[in-house]
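Asks: First to last, the protein sequences are chains A and B. For the first sequence, this note's numbering begins at 1 and goes up steadily by one. For the second sequence, this note's numbering begins at 1 and goes up steadily by one.
Any given hint could be a false lead.
[Unchecked claim] Counterexamples of contact, computed for chain A against chain B with all Cβ distances above 12 angstroms: (1) Thr21; (2) Ala60; (3) Lys68; (4) Asp107; (5) Lys129; (6) Gly168; (7) Lys188; (8) Gln217; (9) Asp252; (10) Glu256; (11) Arg257; (12) Asp337.
[To be verified] Among chain B residues calculated to face chain A with C-beta under 7 angstroms, some are: (13) Val110; (14) Phe143; (15) Leu155; (16) Gln177; (17) Asp178; (18) Arg180; (19) Leu187; (20) Glu274; (21) Arg275; (22) Trp278; (23) Thr281.
[Unchecked claim] What the simulated footprint calls covered on chain B by chain A, stretch by stretch (three residues with Cβ under 8 angstroms from a Cβ of chain A suffice, anywhere in the stretch; the number is not a length): (24) 40 to 54; (25) 144 to 154.
Simulated from the structure, these hints should not be mistaken for laboratory data. All values reported here derive from a predicted model rather than from experimental measurement. The C-beta atom is built at its ideal place from N, Cα and C for all residues, glycine as well.
There are 2 protein chains.
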Amino acid sequence: MSSTDLSSLSDGDVMSLDHTTEKPHDALSRHLADGMDAVNLLIRERMASEHAPRIPEVTAHLVEAGGKRLRPLMTLAAADLCGYTGPYAVHLAATVEFIHTATLLHDDVVDESAQRRGRPTANLLWDNKSSVLVGDYLFARSFQLMVETGRLRVLDILANASATISEGEVLQLTAAQDLRTDEGIYLKVVRGKTAALFAAATQVGGVISDAPEEHIQALFDYGDALGIAFQIVDDLLDYGGNSDATGKNIGDDFRERKLTLPVIKAVAQADEEERAFWKRTIEKGDQQDGDLEHALSLLAKHGAMDATRQDALGWVAKAKEALGTLPEHPVRQMLMDLADYVVDRIR
Amino acid sequence: MSSTDLSSLSDGDVMSLDHTTEKPHDALSRHLADGMDAVNLLIRERMASEHAPRIPEVTAHLVEAGGKRLRPLMTLAAADLCGYTGPYAVHLAATVEFIHTATLLHDDVVDESAQRRGRPTANLLWDNKSSVLVGDYLFARSFQLMVETGRLRVLDILANASATISEGEVLQLTAAQDLRTDEGIYLKVVRGKTAALFAAATQVGGVISDAPEEHIQALFDYGDALGIAFQIVDDLLDYGGNSDATGKNIGDDFRERKLTLPVIKAVAQADEEERAFWKRTIEKGDQQDGDLEHALSLLAKHGAMDATRQDALGWVAKAKEALGTLPEHPVRQMLMDLADYVVDRIR
């Protein structure tokens, strides 16, 4: 389960000229261009530090690296969908991007990553110290931005999301190589890694708009389901994707001994011999030539790939069902398309 | 400039039976015992995690390690002094301790420390990953506690303090081994490392009490000046303390190439040859036998130790002056005594 960066959603497509239809997140970006310009301006303004030039250096490396800004986009989209016209959706969108950037900086330290978005990570260019402390700085800055909106509920939602994120990451430290990890634990980890911030991003867009409670709940459900679907797709592609499209090699998660949904499903149905295989390769990390191929054959034998695919499609259906309860709006359709797009790669 | 842990204030004295007068923070603890019991209960309750048992393990290691809880004590003291009788001073005191614990966890990663409060650090017992992520979790939990108080201003103050803390730490990364670091930069680093959280701890005690603005300001000024004084004393003792009393060896900061106030003062008056010495030993880190002795002789030559001592006394005077504007109260006297106690070791 690699640290999910939805900004890479279209990386495989950006260069291919034969795609004439606009991607859903590009359509959203175009529709919300003025707001996103304001978000980018605010991000640049608030990542400055009068006293510590190292801070904007590190942050710029990551923030300017050409991410799609999907999370802030979702906050602006939710607010737009709810008819918000005030100034604070921009603050919340920048907040969400700051929290995301802070978690990326800390993730890279935790994962000892060397690359992110195809560039060397901050912990490699500077050091782990800078990544930890600049992450803390961005986290503090994100709470300052929330305070400016004057809405305690927004602070409540994003403080809860932040706790869920770090709790999920800690859980993953112990769960990723433990064969007792079941689908319930996997879901908690995925909510922490990806879905919690998506859900909060769309939810606060509704809160700042003073939308009806049922709309706020629907926005939360949409972000939650979309985030879960995306992470499942990512984990599925790791065992069966086209490496040209994903930029990843098949079996990276296996080699890194990460228990993801396909394997969890196969382990649940394993006989004694298969269990011993998973124990050796994932728990003990004793891997030999041919083990990946054997793992793939076990996934096929138990229908684990197909079951995982069905789960992803199920979450996308939930995301769209939640959206369906919201009023008609051009942005609603774009968010529907975005949900479909997430599973396009595995249909 | 070691990471300051005021909980060690009395470590040298705890065992000596010939001290019959009660220490100021012990007097405060006794006076505020009920509140501190509630704080400890709340801390234990909120550091729990249903899903990730690693979190309370790591946190308990640090939180239960016998720190004096000076920061939460100061929040309770400020609220008591302002006549507060509501439930939320306890939340804010726990908040401040969580932020402090989070920064300790991250500091230990940044400093690659092996010991804290005489015990192995969390990053040594578990790993850097756990220290980073559990720190993030506590930081998020601290904001949840603040939200419960329903006071946006409290969130504003502690978000600002958190930004100042990480900014100061980042600044220190680049400033600590740079001879251009002057007293202004030193003060910014010290505010980040120590004074910002002290100032916020006392200030929010006033805010939650709806104290008059001038009292809130005085509480801020007291915490700020006390924190600065403590850090200066700490840095001074590193070059002239009694290692039995401080638990530190003379010259640790010199060996770790940390520019602290005594050296900054000596560098400011250095002739060309002396500058070359500081450049070699601090900036380049090329240290030989006898260098510490030479450094001490330069500090003496330029009166840097005495000037540093005067600065510390000046900050304590400021702290007491700020307190003097507050109404008479038994806690006010205990806070006065605490300020005097900080500089007792260098009188």
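Asks: Each hint needs a verdict: does it hold in this structure or not?
Replies: Cross-check of the supplied hints:
1. Thr21: For A/Thr21, whose nearest Cβ neighbour in chain B is about 40 angstroms away, the distance exceeds 12 angstroms, so it holds.
2. Ala60: holds (14 angstroms)
3. Lys68: Consistent with the label, A/Lys68 stays out of reach of chain B, its closest Cβ about 24 angstroms off (over 12 angstroms).
4. Asp107: Per Cβ check, A/Asp107 is inside 12 angstroms of chain B; nearest 9 angstroms; violated.
5. Lys129: Violated, because the least Cβ-Cβ distance between A/Lys129 and chain B comes to about 4 angstroms, which does not exceed 12 angstroms.
6. Gly168: Per Cβ check, A/Gly168 is inside 12 angstroms of chain B; nearest 8 angstroms; violated.
7. Lys188: For A/Lys188, whose nearest Cβ neighbour in chain B is about 5 angstroms away, the distance does not exceed 12 angstroms, so it is violated.
8. Gln217: holds (19 angstroms)
9. Asp252: Holds: least Cβ distance 19 angstroms, greater than 12 angstroms.
10. Glu256: At about 14 angstroms from chain B, A/Glu256 clears the 12 angstroms cut-off, so the statement holds.
11. Arg257: Given a closest Cβ separation of 15 angstroms, the condition holds.
12. Asp337: holds (33 angstroms)
13. Val110: Given a least distance of 4 angstroms, the restraint on B/Val110 holds.
14. Phe143: holds (4 angstroms)
15. Leu155: holds (5 angstroms)
16. Gln177: Violated: closest Cβ of chain A sits about 13 angstroms from B/Gln177, beyond 7 angstroms.
17. Asp178: violated (12 angstroms)
18. Arg180: violated (13 angstroms)
19. Leu187: With a minimum Cβ separation of about 11 angstroms from chain A (threshold 7 angstroms), the hint on B/Leu187 is violated.
20. Glu274: violated (28 angstroms)
21. Arg275: violated (24 angstroms)
22. Trp278: violated (23 angstroms)
23. Thr281: Violated. Min distance 22 angstroms.
24. 40 to 54: holds (count 5)
25. 144 to 154: Check passed, 5 qualifying residues.
The earlier numbered hints that this structure contradicts are 4, 5, 6, 7, 16, 17, 18, 19, 20, 21, 22, 23.
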